[in-house]
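Colleague: Please build the complex by placing chain P with the ligand on the supplied structure of chain Z, with the hints as guidance.
This is what each chain is made of:
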Amino acid sequence: MYGYRGSLARYLKKIGAKIGDRIRIQKAGSSYEGALMPRSELGETSHLVLKLPSGYNLGVKVTKWTKIVKIGEGKPPKLGMPSIKIKRDPSKPDVTIVGSGGTIASRVDYRTGAVFPAFTPEEIYGAVPELGGLANIKVIEACNVFSEHMTPELWVKIGRAVARELNSGASGVVVAHGTDTMGYTAAALSFMLKGLFRPVVLVGSQRSSDRPSSDAALNLISAVTVAGRSEIAEVCVVMHGSTEDDFCLIHRGTKVRKCHTSRRDTFQTINDVPLGMVRDGELKLFRDDYNRAKPEGRVKVDGKFEPKVALVKVFPAMRSEVLDGLVSAGYKGIVLEGTGLGHAPESLFEGIKRTIGRGIPVVMTSQCIWGRVNMRVYSTGRDLLQLGVIPGEDMLPETAYIKLMFALGHTSKLDEISEIMRTNLAGEITPRTRPDAFLKPVFSPKAGV
Amino acid sequence: MGLNYEKLGLRVGFEIHQELGTHKLFCNCPSELRDEEPLLEVKRRLRPTQSELGKVDRAALAEAIKGKVFRYQVTDNVCLVELDGEPPHPVNEEALDIALEAALLLNAKPLDEVHTMRKIVIDGSNTCGFQRTILVATDGHVEVNGKRFRIPTICLEEDAARKMGEGAELIDYRLDRLGIPLVEIATGPDFSAPYTPAKAALYIGQLLRATGKVKRGIGTIRQDINISIAGGARQEIKGVQELTLISTVIEREVQRQLALLEIRDELRRRRAGKVTKRMIDVTNVFSKSGSRVIREAIGAGGAVLAVKLPKFAGLLGKELQPGRRFGTELADCARLYGKVGGLFHTDELPGYGISQEEVDRLRKITDAAEGDAVVFIADVKEKAEAGLNAVVDRANQALDGVPEETRRALPDGNTEFMRPLPGAGRLYPETDIGPIPITRDRLNKIRKRLPELPEQKVKRFIKEYDLSQDLARRITLSENVGLFEEIVKKYRVDPTLVASTLEETLVSLRRDGVPVENLNKKHLADTFKLLSLRKITREPIPQILSTLARKPREKVEKILDELGLKAMSIRELEGMVSGIVDNNIEIVREQGENSHKILMGILMREVRGRADGKKVSEILREKIKSRLKG
Ligand SMILES: [Zn+2]
Chain Z
1 MYGYRGSLAR YLKKIGAKIG DRIRIQKAGS SYEGALMPRS ELGETSHLVL
51 KLPSGYNLGV KVTKWTKIVK IGEGKPPKLG MPSIKIKRDP SKPDVTIVGS
101 GGTIASRVDY RTGAVFPAFT PEEIYGAVPE LGGLANIKVI EACNVFSEHM
151 TPELWVKIGR AVARELNSGA SGVVVAHGTD TMGYTAAALS FMLKGLFRPV
201 VLVGSQRSSD RPSSDAALNL ISAVTVAGRS EIAEVCVVMH GSTEDDFCLI
251 HRGTKVRKCH TSRRDTFQTI NDVPLGMVRD GELKLFRDDY NRAKPEGRVK
301 VDGKFEPKVA LVKVFPAMRS EVLDGLVSAG YKGIVLEGTG LGHAPESLFE
351 GIKRTIGRGI PVVMTSQCIW GRVNMRVYST GRDLLQLGVI PGEDMLPETA
401 YIKLMFALGH TSKLDEISEI MRTNLAGEIT PRTRPDAFLK PVFSPKAGV
Chain P
1001 MGLNYEKLGL RVGFEIHQEL GTHKLFCNCP SELRDEEPLL EVKRRLRPTQ
1051 SELGKVDRAA LAEAIKGKVF RYQVTDNVCL VELDGEPPHP VNEEALDIAL
1101 EAALLLNAKP LDEVHTMRKI VIDGSNTCGF QRTILVATDG HVEVNGKRFR
1151 IPTICLEEDA ARKMGEGAEL IDYRLDRLGI PLVEIATGPD FSAPYTPAKA
1201 ALYIGQLLRA TGKVKRGIGT IRQDINISIA GGARQEIKGV QELTLISTVI
1251 EREVQRQLAL LEIRDELRRR RAGKVTKRMI DVTNVFSKSG SRVIREAIGA
1301 GGAVLAVKLP KFAGLLGKEL QPGRRFGTEL ADCARLYGKV GGLFHTDELP
1351 GYGISQEEVD RLRKITDAAE GDAVVFIADV KEKAEAGLNA VVDRANQALD
1401 GVPEETRRAL PDGNTEFMRP LPGAGRLYPE TDIGPIPITR DRLNKIRKRL
1451 PELPEQKVKR FIKEYDLSQD LARRITLSEN VGLFEEIVKK YRVDPTLVAS
1501 TLEETLVSLR RDGVPVENLN KKHLADTFKL LSLRKITREP IPQILSTLAR
1551 KPREKVEKIL DELGLKAMSI RELEGMVSGI VDNNIEIVRE QGENSHKILM
1601 GILMREVRGR ADGKKVSEIL REKIKSRLKG
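Protein sequences, first through last, are from chains Z and P.
Counting in the numbering used here, the first sequence runs from 1 upward without gaps.
Counting in the numbering used here, the second sequence runs from 1001 upward without gaps.
Hints listed in this document are in silico derivations from the structure and should not be mistaken for laboratory results.
Computed from a predicted model, the values in this text were never measured in an experiment.
We put the CB at the ideal spot given by N, CA and C, even for glycine.
Covered stretches of chain P, as calculated for chain Z (at least 3 residues, CB under 8 Å):
1. 1084-1092
2. 1113-1121
3. 1129-1139
Below, in silico cross-link-like pairs of lysine to any residue (SDA-like), each with a Cα-Cα straight-line distance of 25 Å or less:
4. P:Lys-1043 to P:Ser-1125
5. Z:Lys-75 to P:Thr-1431
6. Z:Lys-27 to P:Arg-1440
7. Z:Lys-61 to P:Ile-1446
8. Z:Lys-75 to P:Pro-1048
For the chain Z half of the interface with chain P, some residues (derived, Cβ under 10 Å), not all of them:
9. Ser-30
10. Ser-31
11. Arg-39
12. Lys-51
13. Tyr-56
14. Leu-58
15. Lys-61
16. Arg-207
17. Arg-211
18. Ser-214
19. Ser-242
20. Thr-261
Isolated chain Z (complex conformation):
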């Protein structure tokens, strides 16, 4: 019950105490009065959490000499931001927000601090009122998991929801997604959605939406701007472009990667420049080689993914048994994150040979993250090519992983897979490596870092 376990939970039940009820606790010389609060799962089971009238929470260790009395009923939550009802404005674009888990926006009960996710458009307008000026918002939920628990089936579920919304008239779709695996889902949607004619934008936040400094609102406003008002008929990720609350960058879904555990500007376009940016509600595009939106169209979902694909980082002293183990576990394809230009130690050659010999494709990418593999420069690379390893060009390892799942979903013939992997399907392979597509100074250029 609300995180309480064992005898304490039973006792609270016995005295009829619910969360929010007023409770008095007496023990050896101390007496506390306040509202009963939920117990975090991490805490010890013997403590009861009270919120004092001053607002502070405290934990009281309950022993058999502790007296707990309920002295009053709790009050219903008082939500910080009011709901806002807005009539549909036909002159504004219709944008559907597809939830996938976590909270898009949240509303806080300012008496207890409990966080309530905003689900309805009214609640989302209440939390981020700027959205009302941008688009008519509709909200649906495709699934409800943390992003680290995403699976290929859930990608397809999200893809179907997106397609349904676009095919029934939405100007664009925003997919609210946890940031951990947002890049993977973006790549999966990029390969899956065929005939895309309107924007599909993934968005998330690095600072939760229940705090005043959250990046969620600016990210969501920018994502809705791209979904409702841009001509980019591609899957993209829209997130903070710097550590400031200034602008968001628009990243192509197959070229984007989470690069920092906690910063707001964690998402970076790798080996390319972003498609554009959104600042103060204004779109600014950096390039014009994107798929243009069309007034009419029909999106089809090609949701065939082979789930048994492994993404494996190459390391010194790595031995063939790693690959043998994957093969015997039934894996149907392997993406290697090789060293440098796309290399692996000799001790792995036998395993690679055996793997490919069984008809299992092995694709080479680089753990350098930035740059293109080139397996013709050194003999090791040439040997690996000889063994039948498929070079992954300048694809991100994560994108190559998704793409190999997609390829294996459609064929098991090695030569066909090799062909698919080397052909640009959704912007994942660029023909030229741009000189300006690399790390910018860690902080701002004026700092001279």
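Modeller: Relative to the frame of chain Z, chain P with the ligand by itself:
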């Protein structure tokens, strides 16, 4: 002022915020301030997660949410935690121990388990939009002058960023102070005179310093004061840095509340009604005004808006505190809510370049009678409107007396409006940090090493070291108290000399411009070590210390050589005395034992502090005696 504070129902409580001498509360950055140019600046915004406005109009809400831009100065002693670019690290356990130690010294009861809370603060002084605070103990008390005062709560919290400047749209903060651990000690509203709170605050400050684990110096301890009088309202006055200012702040707040109550009574007598927000554009009246402020505002495309405050004439000019009138309070509100520069009102006009004719026209257009006051603002129209809205709200509060407010202490003891007093309990759990159980083991360890209370220490110093009452008290309250005991325990030296050197000599050297801040513990300890070894005498100690302060890298021995201050051996001294006696044998013969005084003067000039005067005198007396005999 001769007010009977008890009769007025004065109730005062205060909160002390003391910075702790350890690294930051939720990261490993040092607790130190920096003055150099920032490495970079980061602009952010904060969005309220709750609204007190009750407004459901989208545009209004969006405007309310927009707020100011905050520009954070990043120096190389802060990390991503201060910048809100990384979750907080686990709480600094040393800081928690110090807070628990303070709680025990204040006779409070530590909690079984402490929870980190977020206190929403969206003025930008915290990058994440909240201050993290932990209630550590409750139900303490202190005794001051034989009277007991309650200490209901002791909290451990993080300090806010330093405000470096503020414009209409942007506030600059520096992140170095953000996250420095503070203990917050709150008293009950138990004080009924303006003078006792400062004494209690002084005592609590001494207790905290007794731990040896808190910071010292300007800005490391700050007081917030809660004040109310019967019929008035509770005020929270923030940021009183000087203890000596506390009583002035209290006196002036009482004065302000009494004046506001007089204004209320006068308004009631005049049968003043609620002021309406009817704003009138009076730009035309001032198109050729002699006021530069107004001309510039109009020239920049702004407007002059006016609002009538019926039956308020004369009251806006009423003084609430020395130099602050009711009109000043209205202007505070206009500045804060309208982001305007200021306002004009008819109680102070004609003046400021505004003519009687303009005032007459203004009164006519706004339909203001003799007894009415008119307030007007020249600025961008929206800002002027927001400013006047706030003025009307504040004027309406005057009909009810004193509004509850959070106010900022000014250096002269006056206060200015900061924001309405927030309701209690706007605290949310900090989900990034789990609850921390306070174990019995932990408390026992802290109990074992609790410092002596100041009053116990004074008594012991008198008894053990034979210090005078005054010196014992001074050294007890000094930051040198630890060094004092270290020296007198380690070396055979006169404790009174050590205490007076640390407390008096150093002060007078500083007054003479000696950079005594360069002296470290080792300098002082080494000096007394030489004294105990009889390598020097006590007389030249000030001279040695001032030389050391100027050359802090030199060894003490080297400085002694330089000054020629190495103590003389007995043999050297005896030789010197014999020599002097021989050279002045005439005087010795003439004056007998009385020659001692003259010869002593000659000798001491020669000795120049290299020998103890008593010893010199003794040897001289013997030598004279033996010469007279022989
Ligand atoms: Zn830090």
